[in-house]
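Below, each chain spelled out in residue letters.
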Amino acid sequence: METLSLLASGFTVALTPLNLSLLFAGCFVGTLIGAMPGLGPVNGVAILIPLTFAFGLDATSSLILLSAVYFGTMYGGRISSILLNIPGDEPAVMTTLDGYPMAQKGQAVDALALSGVASFVGATIAVIGLSLFAPLLARAAIHFGPADYFALYIMAFATIGGVAGVDPRKTLLSALIGLMIATVGLDPISGVPRYTGGNFHIYDGIEPIVALVGLFAISEILMLLEKHIKDRVGAIRVDGWMPSLSTILSTKWAMVRGSLIGFIAGVLPGAGASLGSVMSYSIEKQASDKDGTFGQGDPRGVAAPEAGNNAASGGALIPMLSLGVPGSGTTAVMLAMLISLNVQPGPLLFERQPDLVWGLVASLYMANVTLLILNIPLIGIFTRLMAVPTWALMPIVAAVSFVGVFSISNSVFDLEVMIAFGVIGYILRKMDISLVPLVLGLLLGGDMERNLRRAMSISDGDWSILLQSWISITLYVLTLAFLALSVWLAMRSNKRGKSRRFEA
Amino acid sequence: MRVAAIWTSKLGMISAGFMAFAALPADATECIAPSNPGGGWDFTCRTIGRILTELDLVDGNVQVTNMPGGVGAVTYAMVASERSDDADLIVATSTVGITQIAQGKYPAGVDAMRWLGMLGADVGVVAVAADSEIQSMADLNEALKADPSSLTTAGSSSIGGWDHIRLLIAAREGGVEDLPAIRWVQFDGGTDAVTQLIGGQVDVVSTDISEIGGFVESGDIRLLGVMSDERIPAFSDAPTMIEQGIEMTGYNWRGLYTGGDVSDDAYNTWVSNLETLYNSENWQTAAVEFGLVPIWRGGDDFEAYIREQEKVTADISRDIGVIQ
Numbered sequence: 000m001e002t003l004s005l006l007a008s009g010f011t012v013a014l015t016p017l018n019l020s021l022l023f024a025g026c027f028v029g030t031l032i033g034a035m036p037g038l039g040p041v042n043g044v045a046i047l048i049p050l051t052f053a054f055g056l057d058a059t060s061s062l063i064l065l066s067a068v069y070f071g072t073m074y075g076g077r078i079s080s081i082l083l084n085i086p087g088d089e090p091a092v093m094t095t096l097d098g099y100p101m102a103q104k105g106q107a108v109d110a111l112a113l114s115g116v117a118s119f120v121g122a123t124i125a126v127i128g129l130s131l132f133a134p135l136l137a138r139a140a141i142h143f144g145p146a147d148y149f150a151l152y153i154m155a156f157a158t159i160g161g162v163a164g165v166d167p168r169k170t171l172l173s174a175l176i177g178l179m180i181a182t183v184g185l186d187p188i189s190g191v192p193r194y195t196g197g198n199f200h201i202y203d204g205i206e207p208i209v210a211l212v213g214l215f216a217i218s219e220i221l222m223l224l225e226k227h228i229k230d231r232v233g234a235i236r237v238d239g240w241m242p243s244l245s246t247i248l249s250t251k252w253a254m255v256r257g258s259l260i261g262f263i264a265g266v267l268p269g270a271g272a273s274l275g276s277v278m279s280y281s282i283e284k285q286a287s288d289k290d291g292t293f294g295q296g297d298p299r300g301v302a303a304p305e306a307g308n309n310a311a312s313g314g315a316l317i318p319m320l321s322l323g324v325p326g327s328g329t330t331a332v333m334l335a336m337l338i339s340l341n342v343q344p345g346p347l348l349f350e351r352q353p354d355l356v357w358g359l360v361a362s363l364y365m366a367n368v369t370l371l372i373l374n375i376p377l378i379g380i381f382t383r384l385m386a387v388p389t390w391a392l393m394p395i396v397a398a399v400s401f402v403g404v405f406s407i408s409n410s411v412f413d414l415e416v417m418i419a420f421g422v423i424g425y426i427l428r429k430m431d432i433s434l435v436p437l438v439l440g441l442l443l444g445g446d447m448e449r450n451l452r453r454a455m456s457i458s459d460g461d462w463s464i465l466l467q468s469w470i471s472i473t474l475y476v477l478t479l480a481f482l483a484l485s486v487w488l489a490m491r492s493n494k495r496g497k498s499r500r501f502e503a
Numbered sequence: 000m001r002v003a004a005i006w007t008s009k010l011g012m013i014s015a016g017f018m019a020f021a022a023l024p025a026d027a028t029e030c031i032a033p034s035n036p037g038g039g040w041d042f043t044c045r046t047i048g049r050i051l052t053e054l055d056l057v058d059g060n061v062q063v064t065n066m067p068g069g070v071g072a073v074t075y076a077m078v079a080s081e082r083s084d085d086a087d088l089i090v091a092t093s094t095v096g097i098t099q100i101a102q103g104k105y106p107a108g109v110d111a112m113r114w115l116g117m118l119g120a121d122v123g124v125v126a127v128a129a130d131s132e133i134q135s136m137a138d139l140n141e142a143l144k145a146d147p148s149s150l151t152t153a154g155s156s157s158i159g160g161w162d163h164i165r166l167l168i169a170a171r172e173g174g175v176e177d178l179p180a181i182r183w184v185q186f187d188g189g190t191d192a193v194t195q196l197i198g199g200q201v202d203v204v205s206t207d208i209s210e211i212g213g214f215v216e217s218g219d220i221r222l223l224g225v226m227s228d229e230r231i232p233a234f235s236d237a238p239t240m241i242e243q244g245i246e247m248t249g250y251n252w253r254g255l256y257t258g259g260d261v262s263d264d265a266y267n268t269w270v271s272n273l274e275t276l277y278n279s280e281n282w283q284t285a286a287v288e289f290g291l292v293p294i295w296r297g298g299d300d301f302e303a304y305i306r307e308q309e310k311v312t313a314d315i316s317r318d319i320g321v322i323q
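Quick mapping for you: the protein sequence lines, in order, are chains A and B. Under numbering that gives the first Met the number 0, the first residue of the first sequence is numbered 0, with each subsequent residue one higher. Under numbering that gives the first Met the number 0, the first residue of the second sequence is numbered 0, with each subsequent residue one higher.
If you are wondering where the hints come from, they were derived from the structure by calculation, not from laboratory data. Just so we're clear, the structure is a prediction, and the values are computed from it rather than from any experiment. Careful, some of the hints might be misleading.
As the list claims (entries may be wrong) - Reference excerpt, derived from the structure (chain A facing chain B, CB under 7 Å, subset only):
| no. | residue |
| --- | --- |
| 1 | His142 |
| 2 | Thr182 |
| 3 | Val183 |
| 4 | Gly190 |
| 5 | Tyr194 |
| 6 | Gly196 |
| 7 | His200 |
| 8 | Tyr202 |
| 9 | Gly204 |
| 10 | Ser243 |
| 11 | Arg453 |
| 12 | Ile457 |
| 13 | Asp461 |
Every residue, glycine too, gets a C-beta built ideally from N, C-alpha and C.
Please model the complete structure; the sequences and the hints are all you need to start from.
Spelled out as structure tokens, the structure:
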């Protein structure tokens, strides 16, 4: 009941004209950004953060805008996956597997409508979970000591392997590069400069937002510069606007299963939407692919990963808000934004700023409805956006990135850092090394180190403190179980892949 | 047509973004906050900038620029090398900045700038969990004298930072000798440290009152002593250090400096304008809302205070081995 009354007061926060218009604008722009090939939630949120500073929005309004953009990109990501076979963002990769074949068979409208509904179901289930469980997690979190936080970060790094990449060695390499970059700057415990070369500009370390914009937006520009315009696959004609209701209904259990799996993946720090959609798809395939239709345009193969990635993006807000630990690359960007707005997400956020939290939750409910309304009838407009030529798109992305980063610190040095990260990102992508582990390493590495060293300060250097609480022991057990499960799944899919090759 | 409409709205947003950055007249008064938006230095610049305009002490608006980096070192280096004679520039600073200078973490010493004045201060406090056995500063210092490593102390600064240093000054004045043996745990903010205090991970927290006042009100934590000359009105039950026989104060003051080559005339104008601002209703209200105690020190008085604080901080930093 307490939750309901808090939620009601949240709706009064979210329903102010300013926040309402930010919500609509955020949903719209988010869907647009998500629909553009390559631009995903991280780009959308990272590019818009400096604009929230420029417009002088308060923390609640900024968070509402960015969450709307976040959810919007998760909705929009599917559009180019289905129509162009180019994932609009990383979690939408799985949607290409059955979405594009559906479009080729002339069922593009069904696929788009179905994925819109699946996104709605997934996101709604996640927001309900957020309203029910986030306060519980927040109350439990006060018992988390530095040693427990360290265990949590260990778990996050263990799950990175599931987020990205085919080759575990490359994932590990990427995460290690991120961890190394995280050690640059003043040592937070003793105040001694590390790897700064005496340069005051990096005494505070590498600003994660600057690195993120460089890694994702600038490297994307470089990738597209390299590709010739004529490489772009032509858009598929979309005939008729009436989706078949029976197709949508036939996937209802795929949506529910996908949502639950995605939600759990989202709540796990470091897992997030990509893992949510991959797991939703692979488990749905195991559960219901009896005739081998998956991969050839099975509606359930579109519904499950779309529900999964949207549920995960909602679930990822729980650890971000109640523990101060981001559950995905995008919430990591949002976390950085909140801290720079002087809002400290964590166990006390719900006590200290209930307006902010419940205003956000209420606006997420409304964002879901808005997005469903936006997405179904406006499919045609978004489809036509696919035709925007690269030469028009990329200069805008470049301009927004440069203006945005400069406005954070008024420092040309940061622009140089951003370009350097763009080049690093480009090189890593050319070598098929996923950038997500690098980002998580950079964002979480500092906190992981700090918590380890805090635990060491408390215990006066006695390592046994790491295993002294039930929370940390439980987290280590879960980590081991997760690792065992992923090894088992990897071996199984390996075996399946082999047997399929033999059949062919 | 529809596509065109989408692009117009998108371009509109972007150009609105551009315009927000372009609105900066060339000779406007500028206040640099050497940090990201939010937090103490940003508050100093934004509030003082607003009130300077409200009181007509400057022409037009005061442009606030965020220039984070090196806990203020980036800004310090820039002002020293590029804008040392710019009389239209003021920079926010605080005890944190002086602590950095005293420990040699800025590119130049205090003589590189002209110090205008302090306008308010946050008050340092020492707190324990509500159910702690420690009832007073005397209890705390006795425990630390008997075994300096028996208690875990924490706050929002790194080792040698102001939260740490002022706790050690209180301990030293209370007769504790082995200061380096006292365990210190850094957290990212006062509230993080207090969370750990409530959760029982640490025993004592030293930090500013403004950030953690809510937990005192909620009864989760108890104040052992406040580091001000007089008791804080909002927490009048908590005794000062001086009342408990510990001769020290631990303010985290907020103030401003300008370039080292600014003329005496321009410097004196700034000092008198800031004193006018300090005495205004506008500032007194804004400071209290932000949890500050209004305190004024300006001009030569402030210059002398800065040099004394730098010396005291450098001395204790040497005692605990933070600097050689």
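A quick look at each hint next to the structure:
With a least beta-carbon distance of about 5 Å to chain B, the hint placing His142(A) at the interface is held under the 7 Å criterion. Interface hint status for Thr182(A): violated, as the beta-carbon distance to the closest one in chain B is roughly 15 Å, over 7 Å. The beta carbon of Val183(A) is not positioned within 7 Å of any beta carbon in chain B (closest approach about 12 Å), and the interface hint is therefore violated. Here the hint on Gly190(A) is kept, as its CB sits about 4 Å from the closest CB of chain B, short of 7 Å.
Hint status for Tyr194(A): violated, given a least beta-carbon distance of 14 Å to chain B, over 7 Å. For Gly196(A), the suggested interface contact is broken, since its CB lies about 13 Å from the closest CB of chain B, more than 7 Å. For His200(A), the interface hint holds, since its Cβ comes within 7 Å of a Cβ in chain B; the closest pair sits about 5 Å apart. The interface hint given for Tyr202(A) holds, since its Cβ lies 3 Å from the closest Cβ of chain B, which is under the 7 Å cut-off.
Checking Gly204(A) against chain B by beta carbon gives a least distance of about 10 Å; that is not within 7 Å, so the hint is violated. The beta carbon of Ser243(A) comes no nearer than 25 Å to any beta carbon in chain B, farther than 7 Å, and the hint placing it at the interface is violated. Using the Cβ-Cβ criterion of 7 Å, the hint placing Arg453(A) at the interface with chain B is satisfied: the shortest such distance is roughly 5 Å. Below 7 Å, beta-carbon pairs count as interface contacts, and Ile457(A) has one with chain B at about 5 Å; its hint therefore holds.
Given the 7 Å rule on beta carbons, the hint for Asp461(A) is violated: about 12 Å separates it from the nearest Cβ of chain B.
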